[in-house]
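Colleague: We have chain F; now place chain B onto it with these hints.
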Amino acid sequence: MAKNEKDIVRFQNVGLRYDRGPEILSNLTFRLEKGSFHFLTGSSGAGKSSLLKFLYLGHEPSRGTIHLFGRDITTILRSEIPFFRQRIGVVFQDFNLINHLSALDNVALPLKVAGFDPRRARIHAAELLSWVGLEDHILSLPLSLSGGQKQRVAIARAVIAQPDLLLADEPTGNVDDQLAVKLLYLFEELNKMGTTVVIATHNRYVSSEFDHPILHLENGRLIAPGANKKEKVNHDA
Amino acid sequence: MMLKQNPYDIPFDEDSASKFIPWIIALTTFISTIFILCTLSLSSLAGKWGQDLGEHMTIQIPTSTQPEQDHTTLNEILSHLRLIPSIAKADVMESEETYKLLEPWLGQNVRDLGLPVPKMITVQLRHKQFIDAQSISNDLNKISPGITITHHQNWHKHLIKLISATQVVIQIIVILIAFAALGTLVFTTYTGLVVHKDIIHTLRLIGARAHYIAKQFQRHTFKLALKGVFYNFLALGLIFLALKFFLGQMDVHLPMITLSMPLLLSVLFLVPLVVVIAMIFTSRITVSYVLHQHV
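If you read the protein sequences in the order shown, they are chains F and B.
All residue numbers for the first sequence refer to our numbering, where the first residue is 564 and numbers rise by one.
All residue numbers for the second sequence refer to our numbering, where the first residue is 5 and numbers rise by one.
Simulated from the structure, these hints should not be mistaken for lab results.
We treat Cβ as the ideally placed atom computed from N, Cα and C, and that holds for glycine.
Heads up, a few of these hints could be off.
Said to hold, decoys possible - Residues of chain F clear of chain B, computed beta-carbon distances all greater than 12 angstroms: (1) Thr628; (2) Gly711; (3) Asn737.
As the list claims (entries may be wrong) - If we take Cβ atoms under 10 angstroms as the criterion, some of the chain F residues that face chain B in the derived model are: (4) Leu620; (5) Gly621; (6) Ile644; (7) Arg650; (8) Ile651; (9) Lys675; (10) Glu752; (11) Leu753; (12) Met756.
So that you can see chain B by itself, here it is in the shape it has in the complex:
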């Protein structure tokens, strides 16, 4: 029989409250995706920085008025450092290089100021080797007092703590947004049940189970959720293109690019999937619960 069948027994098109659902789903999915990508990017960047910076340290040796003595001290320090097994390389930084580092603070005529610029030694550690910076500092200070060691692992630890705290805040925000979206859906579904109560009552009198009616709401929510997911992809695409364009002009790379493509695609597709599943289940559970309360 070639007759067009109405897919729903309940006229959802007349339900104005549910018209906002695709936008709520789009917003939830969009924000969650962006936030999750940010969290993952931060983790990835922190890991990369940790790898780069954690394997380096800088030793600062104050200069005295006796250059020969300074030279002897420098050699002694280098010899001491090269004996430590976890150190791969220890090099004295050229004076010109040190001046370049000071230029941003002291200006281009830093060389003419006659300042007692300290000698710097850059130390490269062996990969994944633990080093006790404090113990080395103590040993070096016995050779020449006033030596300071800057081990980047220390501030990397602080950075990791900061990133972890940011991640927790982001996760809390995502959870709150998800709850707000689900709460809105519960309210909208409940409104739908009230708006269509006469038809639902008729269906119940005909023998429709709560499951049958819940399935109709679920299908309707699924349709709305797909619309929302489509809007989300549209918004994500536009944002990525805009960011790429503007950051490209400033010669800055998108931090997301530090994520691997499979991970990026997983987030882009898993977040909408989880949101859609959560939405249809929430809709179904709300209808079933309400109908079981009122036969």
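Only chain F is shown next, with the shape it has when bound in the complex:
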């Protein structure tokens, strides 16, 4: 895997359909440069989560090609997928926290699965939980946390391994606008350290507060650029 590739992600005429159903995503063509920060917007059901799923190798396209870290994802061997995923941090819409593990152990997971010393992983996880304001809930189980707290645990888990690509599916969905903006500043900090960030959100307030390019989906298609001041997204289609 080449670490210095310029484009972290490159989509070329990508389409997605399940079985013989209609295309959920059609003709997606764009690329994301290393170190960029994008909002992925669109109404509910526009295909934001499906697009993110491509990015964490959750499924393969029905047509077109996707390059991730310089590799066509259809050529990635099954045994290689975990190593690709270790370079990607994901904040899932429903958090996907493991309920019998404490917030600390949930956050430490990405480092543990990557083979880090579990003790050091937990120390680092504790620091991150403090960073997201959950220092008093380190040993709390997810079921005892509020939606916003779970979200912050999920964010801490997504960023702990300093991923090359950070994907967040509605990371501000369960918090008020003020906290949403605060969380996005956390993502920006990470972005400044070189991580490519894609935030899927339907919260226009949040996306308008930040000066980042927008990928806007409507009925499974990317709508023409120009939605933002800085144009980093290349729409070849």
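Modeller: Below, chain B alone, put in the same frame as chain F:
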């Protein structure tokens, strides 16, 4: 940091199917140990009997109505036997001794029945010497027709065959039990993968390799296997004590005692070890196989 760490990312405690695994392991280990000890004891007993009985034979000489002639024949036979190099000793059995042998079948008044009780010669062979019983029988029958030779090696051979057949049956049973136990473990592990599929899916999305998840299942199986082995030792201890007590009261010795202590200890510890290793590998291979099939 003094924080208690959860050893498993997967909540195995919630998995009711795996709760039976220690009992399955205990049963497998227990039965395998007992069967292997029985097989070894049978071999050991057969060897011991072979050594004792194979070096003896009995010659039966029918009596006639002329005691003097019988006496001459007996002497001739003894002289002939003592010339054979592989025979260490040949002695005529006392009449009283012969009657004692007949008592269980003919009753205590066997002496008064006036039966023509045959003369018996017990022959002791030299250690590990081959003897052609048929040839000796032919020679002796030339001296006096009707002489029969009972060489215990013949029925010892049959006993060995019987023991070998029993051993094969026992080995097949042990193998079948082992396969049944491993099959159950495969099924339980697969059930565990299905029960915890959401967590496993999350771990996979975080970047966990099949190896990482398999290791967790392996550790869990190891824990269960240790529990099973403990139950096995408990059951074995109780059975041995009970057998020793009841057989002791009947003045019978445990056949296992014929095994040497190092061999006995090796079986007691090697069988659980092999079972535990087989279990953890089966669990690991099952998880790895299933996860490689479904990314």
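Colleague: Which numbered conditions among the earlier hints are violated in the structure presented, ordered from lowest to highest?
Modeller: 10, 11 and 12
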